[in-house]
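> Take a look at the letters that make up each chain.
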Amino acid sequence: MAPLTTLSWSDAWYLAPEITLSAFAIVLTILDLFAPKSWNRNFIGWLTVLGLAVAAGFVVWLMLDFKNAGATGGNPVHDLLGGSYRVDDFGNLLKLVFLGSSGFIVLASLGSVRTADVPIKGEFYYLLLPAVLGAMVMSSSGDLVTLFIGLELLSITSYILVGSRKRNGLSSEAAFKYLVTGGVASAFILYGMSFLYGIAGSTNLSLIGQNIGQIVTDYHALVYVAFFLMTAGFAMKVALAPFHAWAADVYQGAPTPITSFLAVVSKGAAFAMLYRIFMNTVFFMQNTPAVRDDIYLALAVLAAAAMIVGTAGALRQRNVKRLLALSGVANAGILMIPLTLRVTQLHSSIFTEFFYYLLAYAFMNIGAFAILTVVSRGSGNESLSGFAGLYHRAPWTAVAMTVLLCSLAGLPVTGGFFGKLFILFGTVQTGSYWLAAILLVTTVVSYAVYFGFIRQMYLRSGNEDTGLRIPGPAAVAIWICVAATLALGFLPKVVLDWIDALFSIPVDFLSK
Amino acid sequence: MTVFAEYAWLVPVFPVAAFAVLIAMGRGAGRPGAWIGTLATLLSLILSLCIAGERISGKAEDYSAHYHWLQVGNISLSAGYEVTNLTSLMLVIVTLVSFLVNLYSQGYMRDDDRMPTFFAYMGLFTGSMLGLVLADNLLTMYIFWELVGVCSFLLVGFWFHKPEAKAAAKKAFIVTRIGDLGLLIAILLLFWYMPNHALDFSTLHNVFATQSGVIATGITTWIALLIFLGAVGKSGQFPLHVWLPDAMEGPTPISALIHAATMVAAGVFLVARTFDIFQASPAAMHTVAIIGAFTAIFAATIGLAQNDIKRILAYSTISQLGYMMLALGVGSMPAAMFHLFTHAFFKALLFLGAGSIIHGVHTQDIREMGGLGRKMKTTAWTFGIGALALSGIPPFAGFWSKDAILTAALDKQPILFVVGAVAAFFTALYMARLFFLVFTGNPRNDSHAHESPAVMTIPLVVLAVLAVVAGFVQTPFNGWFAEWLTGDKAVEHGSGLVMVVSAAIGLLGVYLGWLIYAKGAIRRDVVSSRMPGLVKLLENKYYIDELYHLLFVKPLYALGKVLNAFDDYVVDGVVRLAGQSATGLGRLNARLQSGQVQAYTLTALIGLVILALAIAGRRFW
Numbered sequence: 002m003a004p005l006t007t008l009s010w011s012d013a014w015y016l017a018p019e020i021t022l023s024a025f026a027i028v029l030t031i032l033d034l035f036a037p038k039s040w041n042r043n044f045i046g047w048l049t050v051l052g053l054a055v056a057a058g059f060v061v062w063l064m065l066d067f068k069n070a071g072a073t074g075g076n077p078v079h080d081l082l083g084g085s086y087r088v089d090d091f092g093n094l095l096k097l098v099f100l101g102s103s104g105f106i107v108l109a110s111l112g113s114v115r116t117a118d119v120p121i122k123g124e125f126y127y128l129l130l131p132a133v134l135g136a137m138v139m140s141s142s143g144d145l146v147t148l149f150i151g152l153e154l155l156s157i158t159s160y161i162l163v164g165s166r167k168r169n170g171l172s173s174e175a176a177f178k179y180l181v182t183g184g185v186a187s188a189f190i191l192y193g194m195s196f197l198y199g200i201a202g203s204t205n206l207s208l209i210g211q212n213i214g215q216i217v218t219d220y221h222a223l224v225y226v227a228f229f230l231m232t233a234g235f236a237m238k239v240a241l242a243p244f245h246a247w248a249a250d251v252y253q254g255a256p257t258p259i260t261s262f263l264a265v266v267s268k269g270a271a272f273a274m275l276y277r278i279f280m281n282t283v284f285f286m287q288n289t290p291a292v293r294d295d296i297y298l299a300l301a302v303l304a305a306a307a308m309i310v311g312t313a314g315a316l317r318q319r320n321v322k323r324l325l326a327l328s329g330v331a332n333a334g335i336l337m338i339p340l341t342l343r344v345t346q347l348h349s350s351i352f353t354e355f356f357y358y359l360l361a362y363a364f365m366n367i368g369a370f371a372i373l374t375v376v377s378r379g380s381g382n383e384s385l386s387g388f389a390g391l392y393h394r395a396p397w398t399a400v401a402m403t404v405l406l407c408s409l410a411g412l413p414v415t416g417g418f419f420g421k422l423f424i425l426f427g428t429v430q431t432g433s434y435w436l437a438a439i440l441l442v443t444t445v446v447s448y449a450v451y452f453g454f455i456r457q458m459y460l461r462s463g464n465e466d467t468g469l470r471i472p473g474p475a476a477v478a479i480w481i482c483v484a485a486t487l488a489l490g491f492l493p494k495v496v497l498d499w500i501d502a503l504f505s506i507p508v509d510f511l512s513k
Numbered sequence: 285m286t287v288f289a290e291y292a293w294l295v296p297v298f299p300v301a302a303f304a305v306l307i308a309m310g311r312g313a314g315r316p317g318a319w320i321g322t323l324a325t326l327l328s329l330i331l332s333l334c335i336a337g338e339r340i341s342g343k344a345e346d347y348s349a350h351y352h353w354l355q356v357g358n359i360s361l362s363a364g365y366e367v368t369n370l371t372s373l374m375l376v377i378v379t380l381v382s383f384l385v386n387l388y389s390q391g392y393m394r395d396d397d398r399m400p401t402f403f404a405y406m407g408l409f410t411g412s413m414l415g416l417v418l419a420d421n422l423l424t425m426y427i428f429w430e431l432v433g434v435c436s437f438l439l440v441g442f443w444f445h446k447p448e449a450k451a452a453a454k455k456a457f458i459v460t461r462i463g464d465l466g467l468l469i470a471i472l473l474l475f476w477y478m479p480n481h482a483l484d485f486s487t488l489h490n491v492f493a494t495q496s497g498v499i500a501t502g503i504t505t506w507i508a509l510l511i512f513l514g515a516v517g518k519s520g521q522f523p524l525h526v527w528l529p530d531a532m533e534g535p536t537p538i539s540a541l542i543h544a545a546t547m548v549a550a551g552v553f554l555v556a557r558t559f560d561i562f563q564a565s566p567a568a569m570h571t572v573a574i575i576g577a578f579t580a581i582f583a584a585t586i587g588l589a590q591n592d593i594k595r596i597l598a599y600s601t602i603s604q605l606g607y608m609m610l611a612l613g614v615g616s617m618p619a620a621m622f623h624l625f626t627h628a629f630f631k632a633l634l635f636l637g638a639g640s641i642i643h644g645v646h647t648q649d650i651r652e653m654g655g656l657g658r659k660m661k662t663t664a665w666t667f668g669i670g671a672l673a674l675s676g677i678p679p680f681a682g683f684w685s686k687d688a689i690l691t692a693a694l695d696k697q698p699i700l701f702v703v704g705a706v707a708a709f710f711t712a713l714y715m716a717r718l719f720f721l722v723f724t725g726n727p728r729n730d731s732h733a734h735e736s737p738a739v740m741t742i743p744l745v746v747l748a749v750l751a752v753v754a755g756f757v758q759t760p761f762n763g764w765f766a767e768w769l770t771g772d773k774a775v776e777h778g779s780g781l782v783m784v785v786s787a788a789i790g791l792l793g794v795y796l797g798w799l800i801y802a803k804g805a806i807r808r809d810v811v812s813s814r815m816p817g818l819v820k821l822l823e824n825k826y827y828i829d830e831l832y833h834l835l836f837v838k839p840l841y842a843l844g845k846v847l848n849a850f851d852d853y854v855v856d857g858v859v860r861l862a863g864q865s866a867t868g869l870g871r872l873n874a875r876l877q878s879g880q881v882q883a884y885t886l887t888a889l890i891g892l893v894i895l896a897l898a899i900a901g902r903r904f905w
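Protein chains in written order, with the working numbering: chain A, 2 to 513; chain B, 285 to 905.
Just so you know, the hints here were simulated from the structure itself, not pulled from any lab data.
Just to be clear, a hint being listed does not mean it is correct.
Over the 10 Å line for every Cβ pair with chain A, so calculated as not near, a few chain B residues [stated by the list, open to error]:
hint : residue
1    : Ile-677
2    : Thr-759
3    : Ala-883
4    : Thr-887
Pair ranges (Cβ atoms, derived) [stated by the list, open to error]:
hint : chain 1 : residue 1 : chain 2 : residue 2 : range
5    : B       : Leu-861   : A       : Lys-494   : 58 to 64 Å
6    : B       : Tyr-853   : A       : Trp-397   : 40 to 46 Å
7    : A       : Ala-488   : B       : Tyr-853   : 43 to 49 Å
8    : B       : Ala-898   : A       : Gly-58    : 56 to 62 Å
9    : A       : Trp-14    : B       : Leu-897   : 48 to 54 Å
10   : B       : Gly-857   : A       : Gly-58    : 27 to 33 Å
11   : B       : Leu-886   : A       : Trp-14    : 46 to 52 Å
12   : A       : Gln-430   : B       : Ile-503   : 35 to 41 Å
13   : A       : Ser-173   : B       : Leu-889   : 24 to 30 Å
14   : A       : Ala-488   : B       : Asp-396   : 42 to 48 Å
15   : B       : Asn-824   : A       : Ser-386   : 55 to 61 Å
16   : B       : Ile-503   : A       : Val-344   : 45 to 51 Å
17   : B       : Leu-897   : A       : Ser-386   : 40 to 46 Å
18   : B       : Arg-394   : A       : Leu-422   : 50 to 56 Å
It should be emphasised that the depicted structure is a prediction, and the values quoted were computed from it without experimental measurement.
Note that beta-carbon positions come from the ideal geometry of N, C-alpha and C, so glycine has one too.
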């Protein structure tokens, strides 16, 4: 075993985004403690946005740095702490998504979350910082232990955030359920990891990857146990069927901005961790294709089940948050597809496909949840009928929602359309026709789900004639999401080229 | 020198911009808004005159410009415009007539509360036609061709609250679509067979005019006939002429626009533009000539027995377009374009005159009119000039152009000349009937007819002057027009015989009409009392509409019912089944979500076990 390496001052530069978030989290905690009760806690929200923005700025800086390094023949990857922390373009891209999404979520909640609803507004905002930090660790670790720490950091803060509507019974129930199911999921993952450590003798992913060929031949059955346990745990975290049952309850009980955080950041982080582990291990099982294909098949089956169950379940929902939870289940299935596809000469773009759809998914969900926040504030409930006659009350908001719904349904010309299209191309190129068929059929069925909104907004008349008041920050967040959704639809090539230029499997996952 | 030609693309842009502005403003535009449309066509007219002037005065090169629109693999589609003598002539015709019609409509549509919409549509109509004229390749032309069709639908059905107008608009659209389909297939065939998939007119000219044999004669004939089918639909030639008379349900200025400058001229222009393809196929040329001649006489006979002033004029248009097709079929493109040129003026004149009459007496039935000459002096005089021009009486414009066509027909095929001459006789007769019934004699109803306002009569006067003088650009003694159009010196000039015969036939027709309808020397029922069947046949337009109804509409309707039933029961059944199974699955999911967290984790555990057993377990079995 290599001697432990510690952090040096020169490494701090590579950790600047993480350090920024930690610093902001600590400072904001103290500020919240000492600021007089009479102060409106919105300034903490704004400072949270600032912290996220600064961290995102550092990430961009690092990416530019790596790009220059790559251009001059250097290695665009930096290992810290003996390979347990890894700063690379894979991590950076995802960190940008997490930071940006969280920023928009905070913006959307500024002014639209009522103090009566969430009494602990200060914590509500600054607790997002450690949660995002956890997500960033999950996307940037090269070691099972660090990954798990990131996962727990994200999970535990999320449990608190879900329960932040303290006087709401549903919220407390949701927090409890999330704690229990999240704990079970963590247990599954940790149990699987311990088996992996047991047979590999290391928690370092690149070491495991180097020896995995031998390990599989030696401990055939234990490999199955390790990977199936981890698969089940991650399936719970990202809400793949049949591990999804908690999602609807938790999404419904949580404050709407937190719901959108769970749907986008938590889910994305779990996928990041999944990629980290699976690309470093399963990818190297070329000599034992049966085992490798079984693991991929398990993921594919879960993806298919999620698409079917999520879409069918959403058909019957009248509560918008439960509906979006189930739509999130279906989307988790879609996001899972690229990982299950074999990487070949013809088809080496699985991360591009995943990332493109993740981007589209993030924007359409944050936008939709932000609109739901303002609409349900006006109507006083979170049911679909709250959207009735929205077009007549707030035509522009209805138009924005329509764009986001089109993206969710996968209609052109939106990000959702191209995201699904690229994933569909991937399935066809690798010959996974059954996944392609399920993707297509569930997409068509999902039209019925999303058009339910459109029918409510345009064809039903609402009972209130008052206009809808949308706080400025929320409006900014909504329209950025709409613009980004359309941009992903109109300029897919620009985004694709950008991802392809930055990311490559050999450099970002596999290099030392 | 090509100063103005480079800006030719602006010609269609003005009216289309007016359309956009008027539509954006909606009804708020009001009557001042309507002037935007008129002003835009005036700008187009001025620019067109500059372009044409430049081409007449100097030795201007043909000018064309295009940009790449779409590139798929090594196939590229482009959009562009081309200014030649032919297109510059068409630009002037279209913009001039359109401007005068616009001006006239200021008076005619004064009381319509959708007036801005009317001018908006008219702008789009004019702009589409101008785009069609300027297009440098078939695909661009086809896009504008379809736009013209859409606009005709919108304008014929402008008074959509009248069921007849609605039906007429639908009919116009559907019947011309049959022709459009032919044109589309022709374009696809050309795309397939042309070297490099080129569709621009200069390449078409190079391929077909040189008779290089790049494309086999059989295919060429097919292409030419399919293009001609498109022209038959748009130009109202037999057997697709049925929409044109019904299109009279639209506002009268639109009839003038459709019949003189935009819609129907498009068909003739299409054949003229692709004339090289036709000339490469003798069979296609024969077909064009025969259809043209037949339509000319066929429509003229129907015109004899109609009583609606606009319908008579509609059949006269069909008949005159037949002449143009005849000219094209016998190989004389200049004669066809010459007739298109003169016809545009006198037909616009006649329709606007008819509009003025209808405006005054509020009826379209010529049997209820009479003696209007004294009350509507300007209208009567100008209408008379138009009627004389249409009847081919020298020295009016129609005489010279019809003379050119008949000369060309006689050169090629004497029988076609005879048919054309007889049709000319009928033309003179029904126009005489129309004129004398409307303007002479005693009033047959008690309406207080009055002359129309100046904004309506000024266009009439302008068009009347043109109907007199436009013919002198090409006479048997002066071949300037044909020379300019084709750049070819050796164009045959007319013969004295044809001139004499054609003038005599025209005068005979007018004289006979005068005897019957003005003087009363011959009884009106001289034919109908002896051959009632013939008259009935003519009145009912040879029962073509009824025949089509029986042959096409009814069977298609029945087929539609069958398909509808299939859709209702089989397709919808499958859809309902799919929907039900999806909701059933959803219900199952709802049962799973009992709210019990222990159930959730148990499900997860069971899921894991099943997954592991099913996928990994099979390896250890």
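> Take the hints in turn and mark each one as holding or not.
Hints versus structure:
1. The Cβ of Ile-677/B lies farther than 10 Å from every Cβ of chain A, with a closest approach of about 61 Å, so its non-interface assignment holds.
2. At the 10 Å boundary, the C-beta of Thr-759/B stays outside the reach of chain A, the nearest C-beta of that chain being 60 Å off.
3. A cut-off of 10 Å between C-beta atoms contradicts the statement that Ala-883/B is not in contact with chain A; the least separation is 7 Å.
4. At roughly 5 Å from the closest C-beta of chain A, the C-beta of Thr-887/B falls inside 10 Å, breaking its exclusion from the interface.
5. Distance hint check for Leu-861/B and Lys-494/A: the Cβ-Cβ separation is about 40 Å, which falls outside the suggested range of 58 to 64 Å.
6. Between Tyr-853/B and Trp-397/A, the C-beta spacing of about 43 Å keeps the proposed range 40 to 46 Å intact.
7. Distance hint check for Ala-488/A and Tyr-853/B: the Cβ-Cβ separation is about 45 Å, which falls inside the suggested range of 43 to 49 Å.
8. Here the CB-CB span from Ala-898/B to Gly-58/A is close to 48 Å, at odds with the stated 56 to 62 Å.
9. A beta carbon spacing of about 50 Å between Trp-14/A and Leu-897/B agrees with the range 48 to 54 Å that was offered as a hint.
10. Checking the proposed 27 to 33 Å range against Gly-857/B and Gly-58/A shows it is violated: the Cβ atoms sit about 59 Å from each other.
11. Hint check: Leu-886/B to Trp-14/A, Cβ distance near 48 Å, so the stated range 46 to 52 Å holds.
12. In this structure the hint that Gln-430/A and Ile-503/B lie 35 to 41 Å apart at CB holds, the actual value being about 39 Å.
13. The given range of 24 to 30 Å is respected by Ser-173/A and Leu-889/B, whose C-beta atoms sit roughly 25 Å from each other.
14. Range check, Ala-488/A to Asp-396/B: about 44 Å between beta-carbon atoms, so the 42 to 48 Å window is met.
15. A hinted range of 55 to 61 Å holds for the C-beta pair Asn-824/B and Ser-386/A, which are about 60 Å apart.
16. Judged by the Cβ atoms, the range 45 to 51 Å given for Ile-503/B and Val-344/A holds: they are separated by roughly 50 Å.
17. Roughly 44 Å separates the CB atoms of Leu-897/B and Ser-386/A, a value that falls within the hinted 40 to 46 Å.
18. For the pair Arg-394/B and Leu-422/A, the beta carbons lie near 54 Å from each other, so the given range of 50 to 56 Å is met.
Consistency note: the structure conflicts with the earlier hints numbered 3, 4, 5, 8 and 10.
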